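Protein chains: 2
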Amino acid sequence: MQNTQVILAKRPVGVPDPSHFEVRDTAVPDLAAGQFLIRVSHWSVDPAMRGWANDVPNYSPPVALGDPMRSFAVGEVIASRHPGYAEGDVVEGLLGWQTHVVSDGANIGRKVTETDLPRSYALGIMGLNGTTAYFGLLESCAAKAGDTVVVSTAAGAVGSAVGQIAKIIGCRTVGIAGGPVKTRQCLEDFGYDAAIDYKAQDVAEAIAAACPDGVDCYFDNTCGPISDAVMTKLAQGARITICGTAAITEWDPLPMGPRVHRQLLVARARMQGFLIFDHKDRLAEAYAALAGWLREGRIAVREHVLDGPEAALDAIGMLYRGENTGKLIVKVG
Amino acid sequence: MQNTQVILAKRPVGVPDPSHFEVRDTAVPDLAAGQFLIRVSHWSVDPAMRGWANDVPNYSPPVALGDPMRSFAVGEVIASRHPGYAEGDVVEGLLGWQTHVVSDGANIGRKVTETDLPRSYALGIMGLNGTTAYFGLLESCAAKAGDTVVVSTAAGAVGSAVGQIAKIIGCRTVGIAGGPVKTRQCLEDFGYDAAIDYKAQDVAEAIAAACPDGVDCYFDNTCGPISDAVMTKLAQGARITICGTAAITEWDPLPMGPRVHRQLLVARARMQGFLIFDHKDRLAEAYAALAGWLREGRIAVREHVLDGPEAALDAIGMLYRGENTGKLIVKVG
Chain A
120 MQNTQVILAK
130 RPVGVPDPSH
140 FEVRDTAVPD
150 LAAGQFLIRV
160 SHWSVDPAMR
170 GWANDVPNYS
180 PPVALGDPMR
190 SFAVGEVIAS
200 RHPGYAEGDV
210 VEGLLGWQTH
220 VVSDGANIGR
230 KVTETDLPRS
240 YALGIMGLNG
250 TTAYFGLLES
260 CAAKAGDTVV
270 VSTAAGAVGS
280 AVGQIAKIIG
290 CRTVGIAGGP
300 VKTRQCLEDF
310 GYDAAIDYKA
320 QDVAEAIAAA
330 CPDGVDCYFD
340 NTCGPISDAV
350 MTKLAQGARI
360 TICGTAAITE
370 WDPLPMGPRV
380 HRQLLVARAR
390 MQGFLIFDHK
400 DRLAEAYAAL
410 AGWLREGRIA
420 VREHVLDGPE
430 AALDAIGMLY
440 RGENTGKLIV
450 KVG
Chain B
120 MQNTQVILAK
130 RPVGVPDPSH
140 FEVRDTAVPD
150 LAAGQFLIRV
160 SHWSVDPAMR
170 GWANDVPNYS
180 PPVALGDPMR
190 SFAVGEVIAS
200 RHPGYAEGDV
210 VEGLLGWQTH
220 VVSDGANIGR
230 KVTETDLPRS
240 YALGIMGLNG
250 TTAYFGLLES
260 CAAKAGDTVV
270 VSTAAGAVGS
280 AVGQIAKIIG
290 CRTVGIAGGP
300 VKTRQCLEDF
310 GYDAAIDYKA
320 QDVAEAIAAA
330 CPDGVDCYFD
340 NTCGPISDAV
350 MTKLAQGARI
360 TICGTAAITE
370 WDPLPMGPRV
380 HRQLLVARAR
390 MQGFLIFDHK
400 DRLAEAYAAL
410 AGWLREGRIA
420 VREHVLDGPE
430 AALDAIGMLY
440 RGENTGKLIV
450 KVG
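Chain order of the listed sequences is A and B. Residues in the first sequence are numbered from 120 upward in steps of one, following the numbering used here. Residues in the second sequence are numbered from 120 upward in steps of one, following the numbering used here.
Derived by calculation from the structure, the hints in this document are not laboratory data. As the structure is a prediction and not an experimental result, all values here were calculated from the model. Don't be surprised by glycine CBs; every beta carbon is placed ideally from N, CA and C. Hints should not be assumed to be uniformly reliable.
[Said to hold, decoys possible] DSSO-like mimics (lysine-lysine), calculated; alpha carbons at most 27 Å apart, straight line:
hint : chain 1 : residue 1 : chain 2 : residue 2
1    : A       : Lys129    : A       : Lys450
2    : B       : Lys230    : B       : Lys399
3    : A       : Lys263    : B       : Lys399
4    : A       : Lys230    : A       : Lys263
5    : A       : Lys230    : A       : Lys399
6    : A       : Lys399    : B       : Lys263
[Said to hold, decoys possible] Partial chain A-side listing against chain B, Cβ under 7 Å, derived:
hint : residue
7    : His380
8    : Val424
9    : Gly427
The shape of chain A in the complex, shown without the other chains (with noise of 0.2 Å):
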């Protein structure tokens, strides 16, 4: 049985692209007790992406070259000889860049038990990108009804699931995004009350007009200048959670930018970092609420669906461009 692999074959500098990536075909190994072999369908496209290509420090160490590039991935048991995974499992894990993954468990996230749902969705809204959302809008922001919640990339895989739990909890929501396409879906697709194209309006005046009481919750994934804008339109308390900073390229020697701190005295501010892994141990209360909200029909997903490992050589660049129009997905299977 062969496992297609698409490898890190050259390190990149920033974005990487597809001369840095290859390929390749090997054989998938015989099960030893205690493995069991999935047969992947779905490998994800996420932005930390980039930092994992690149040899910087960062939350993890960077993918060895010659290693199948490290992503979220979905799949299928299809052989076992583990006690705790049965053939017909879904599991979603960091499975990598990879068609067939002999696991011992200790790369898998959970087992996939929502099957009612697409299973695409293990990678996004009922993955990563959803569970982020969720504890980052009511943990770190701690959004409430009544608040005035503005998200940065608000129509991509996580800015849309904050703006849709924002609105469920009964938020007034304010979506950045870039272009007509997606300030369309912000509006149309994921219900924000009011959508501004940072690439076509003076942010500030936009946030001012959206955000006549000010600002309560920014949940920012960009940092650079949308966030700059945002950061003059706080009301008091207001709660500002980092979840990426997507505008900016180079962190070393650290960008110069307005400094925050009047701004957070004198509305009484906080700004926070959110990393969803310090919220591994309360992530099943996340998929509950998210799935009752997708049967129900109260959020609604826009996926990007590129077809066959080939598609991802050049995926984590579409990406950066801003060109996929929903959470990014390649389909291997």
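Go by the hints and put chain B onto chain A.
For chain B alone, kept in the frame of chain A given last:
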């Protein structure tokens, strides 16, 4: 009876100097029903007074030209037609730079009941400075035993209280101050485990040496380059309380500095603006704790006392030039 006032005669831009004030004598009016007369003994000199004198938006409107300079002060009730205040009561409040005040109670902060402690303490450790240190450290910074706590303007009225309260609850304390006199004060008077002279040392290197496990809590009174250095050494889950921004004199337009977002994200740290007025319903708790520690000799207080109204003219300048060696007070009675 004469009331000697120091009035704001000219509008400063930035730090006021003696040319902006005038000493003036006026007659004390008779008491109406519901009023009482305070003979003021001590005026406070605080960093916030710079903002109060300038014509810029702030927490409160600027002092009107011709009015006594707004300040906290403490004194004794010497006549009363108010049912809530009796002759002999000691009161603290926003009484302004004047020797006699007719009050209806609206500008009174509290009755000072700890009459065994020096009365001037009501303007510092038993007033705004001590309560700011108490709630800023214990609530906003959420300091707990074992934490490494870094304090800027560590020998100042707020900073010295922060350092000592942190030590009392079992933290390791590192003070940052300017010059050998203040750093010695940090070690000898206020019990810091380490003191850093930002005028003579590389702050980032000194923090790294003094905080081998990183900074859990940073009580920031300065902003600017000192804070930029501390931010490079955050421990996981660090809490930064922004209490003051003394190192930055101009906020319009916003000054540039290193972006803090990635540091907050990687450390899952939080940065929060703090103002004591948000805790006004809980001040009694802080007064009780602080008075207890003072009586047990566990908190040392350093005051820098100027004599007489004329000494107030340059007092705010002294504070901003860093010339005071303790909580700056003007004794007028």
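Hint check:
no.: 1; hint: Lys129(A) with Lys450(A); result: 24 Å, holds
no.: 2; hint: Lys230(B) with Lys399(B); result: 14 Å, holds
no.: 3; hint: Lys263(A) with Lys399(B); result: 24 Å, holds
no.: 4; hint: Lys230(A) with Lys263(A); result: 31 Å, violated
no.: 5; hint: Lys230(A) with Lys399(A); result: 14 Å, holds
no.: 6; hint: Lys399(A) with Lys263(B); result: 24 Å, holds
no.: 7; hint: His380; result: 5 Å, holds
no.: 8; hint: Val424; result: 29 Å, violated
no.: 9; hint: Gly427; result: 34 Å, violated
In terms of the numbered hints stated before, the structure departs from hints 4, 8 and 9, listed from lowest to highest.
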